[in-house]
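Dock the two chains into a complex; use the hints.
Same order as they appear, the protein sequences are chains Z and S. Per the numbering used here, residue 1 is the first one in the first sequence, and the count goes up by one each step. Per the numbering used here, residue 1 is the first one in the second sequence, and the count goes up by one each step.
Calculated directly from the structure, the hints in this document are not laboratory data. From a predicted model like this one, the values you see are computed outputs, not experimental measurements. Ideal placement from N, C-alpha and C gives every residue a C-beta, glycine not left out. One thing to keep in mind: the hints can contain errors.
[What the hints assert, rightly or not] Chain Z stretches covered by chain S per the calculated footprint, using a threshold of three residues with CB under 8 Å from any CB of chain S: (1) 76-86; (2) 96-106.
[Stated by the list, open to error] Partial pick of chain Z residues on the chain S-facing surface, computed with a CB cut under 8 Å: (3) P89; (4) N119; (5) P120; (6) A123; (7) G137; (8) E141.
[To be verified] Label-pair restraints from in silico Cβ distances: (9) S17(S) with D136(Z): 27 to 35 Å; (10) F142(Z) with R70(S): 18 to 26 Å; (11) S17(S) with R122(Z): 53 to 61 Å; (12) R54(S) with E141(Z): 41 to 49 Å.
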Amino acid sequence: MGNKTPIDSELVRTLAALLDETNLTEIEYGIGEMRIRVARQAAPVAMHHAPATPGHAGHAVAMPAQAASDADHPGVVTSPMVGVAYLAPEPGTPKFVNPGDMVAEGQTVMLIEAMKTFNPIRAPRGGKLTRILVTDGQPVEFGEPLLIIE
Amino acid sequence: MTSFELPAPFSHLGLNSVGSTNDEARRRVEDGSAADLLVVTARRQTAGRGRRGRVWESPEGNLHASFVLRIERPLAQAAQIGFVAALALAEALDELAPGHDVRCKWPNDVLADGRKVAGMLLESAGDGWLVLGIGVDVECRPAPAEALYAAIALVELGYGGDTAGVLNALCRSFGPWLARWRDEGFAPIRAAWLGRARGLGEAALVRLEAETLSGVFAGLDEEGGLLLDQGAAGIRRILAGDVFFPGL
Chain Z
1 MGNKTPIDSE LVRTLAALLD ETNLTEIEYG IGEMRIRVAR QAAPVAMHHA
51 PATPGHAGHA VAMPAQAASD ADHPGVVTSP MVGVAYLAPE PGTPKFVNPG
101 DMVAEGQTVM LIEAMKTFNP IRAPRGGKLT RILVTDGQPV EFGEPLLIIE
Chain S
1 MTSFELPAPF SHLGLNSVGS TNDEARRRVE DGSAADLLVV TARRQTAGRG
51 RRGRVWESPE GNLHASFVLR IERPLAQAAQ IGFVAALALA EALDELAPGH
101 DVRCKWPNDV LADGRKVAGM LLESAGDGWL VLGIGVDVEC RPAPAEALYA
151 AIALVELGYG GDTAGVLNAL CRSFGPWLAR WRDEGFAPIR AAWLGRARGL
201 GEAALVRLEA ETLSGVFAGL DEEGGLLLDQ GAAGIRRILA GDVFFPGL
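Looking at chain S on its own, in the form it has when it is part of the complex (with noise of 0.2 Å):
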């Protein structure tokens, strides 16, 4: 892939493997020579990750994006990003594959029909920057068995185009998204990210690194952390861990 015209604000640089883009992104905020909007894509990753050291699967064919992100706010408000990238994604899909059932799942995911199409992962790098990674399956996904999720490909949805399609519908959706949080903050992504959210009011079980919880989804906090409804145990606030809806 070579370096292409993005909707503005956005800027690209094209490669064609590298380890990571989040890493060559990092690297190029730590340089100095990433400025603010800087969208690093890659045909293929040859060490894609996800949380936690998990492989990120990165053929030739799907799109492999990191954002660079000047954050002006507290450290703690930049995951909230995640949010404003799911919600721009999942408006992209409505675009791209009509038709479907496109939902947000906490904290970042996005999911076609109950199934997932995409992974996040967000990294600050330095000093008031942020580096937003974003895997989507355009022609292939993992095998079920290598999957945590239940995985869907933007191809199996009735998608005809390429990545490069991806990722212009995917910055036009941003680009206002990402505007409103420098402008508004939290409150109006929380509010359109719960008006498309995947399991809200159902049980759910959370997975942390040492136990899993079992609640209700209740909504989200002003900051973004998951509200677990325990019953009598009262509403645990989650800020990190997988989240599994048994019953959807």
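Bound-form chain Z, shown alone (with noise of 0.2 Å):
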């Protein structure tokens, strides 16, 4: 799929009405190279391998614009690689970074592991950490945006 794939609105029509039909709160649907993602919490809707683009107003799902604006931000910091994202050196300690706080350019703010490899991902550069994008244990694809430094 290229970039041009059009958002099926239908289909996410359909993953919302589900969504709340089964009380879940995310469902993930892929054809082929694209998946969807529609999940009640913060930043509902991922699109992968295609922009994101509004949908329909008033429910959960309709708020891709958000996902849209967090990819595009200026402060995005994105993925180098597929893994597991973890925001704790280890499970059962404090996270390397807090949203609010100050971080230094080259600070460590989250891991990535793939296979038994462990990626420590550097702020890029200094400045106020506003939002993580991720949760803790998450899979995470290339270029998905991890967090946002302003």
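Structure follows, in structure tokens:
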């Protein structure tokens, strides 16, 4: 699938209805290379391999503009690799950083593991960490927005 | 342990006691004093680490080594070094303790007769550098209650040498495999690794941070991810987790 994949609003609507009906917090659906995740949390729709475009208004699923603005945000830090993101050095230890923290350039802000190889993600610049866009233990794709430093 | 000559192209820095050889190697990368193919060893580690903060018991008599490696490929491919090293260690064990069934277990464990003899922890360090930590249970192994997987030490396999003998054998097999990975990429490594993989085609459990998945260990993808065949649910690609083979 190329970058011009049109959003299938009917599909998103169906998934949203299913989300309500089943009381789930998240549904991920894949066709070929494209995946659509519909969730109730802060960044409810993440489109992989396709730009997010606004869906229908008034529902939890209707916030893809949020996901799009994260990816386009000038302060976004994206994942250099596919893997699993960890927000703390070890289970049960404090997170590397929290929203609101001032971070220094080069400071480790999270880890991404692939095949028992741990890659510290370092702040590319100093500033205020305003948001963390992934949860601890979450699988991430190449280029996926991880956090925002302003 | 003082520094000694290692088979080319490796160089050696031997220390007595250190928190973690990985941390020591990374410090040397960061301050610019470590070159590609430096191997840092210590007689004992006071803060040996495994995956996700697990303690790695590091008494004297076992091998604690960290390889500093320059990685000229994208970060995502650095993890393939774990497969290169596991393959090399499996070959070294064939030589050090012949007559045992030595297999590789995803992602980078090495088993002898079904029991774990070594652990690895890979950490990227700065731009284009990787630290590969390898702990080999030469004389001692953890008590069953403290180990996630059943363990065995090399002495129990009939090995009569010391840690230097293990490191030398490892370097002799790792050198050529590493050169092959650098020249040809992952394909030849993947093929050789699968040739001695533990549990291929068998039922497997994969424990993730928040859930445990079951399926059949169907193979490796082109990057080294584990392919877990979940039947009607499809094939799931696993990049991080603890793998168990309940039927073996």
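Exercise for the section: Could you check the structure against the hints above and give me the numbers of any it violates, in ascending order? Expected result: 2, 6, 8, 11 and 12
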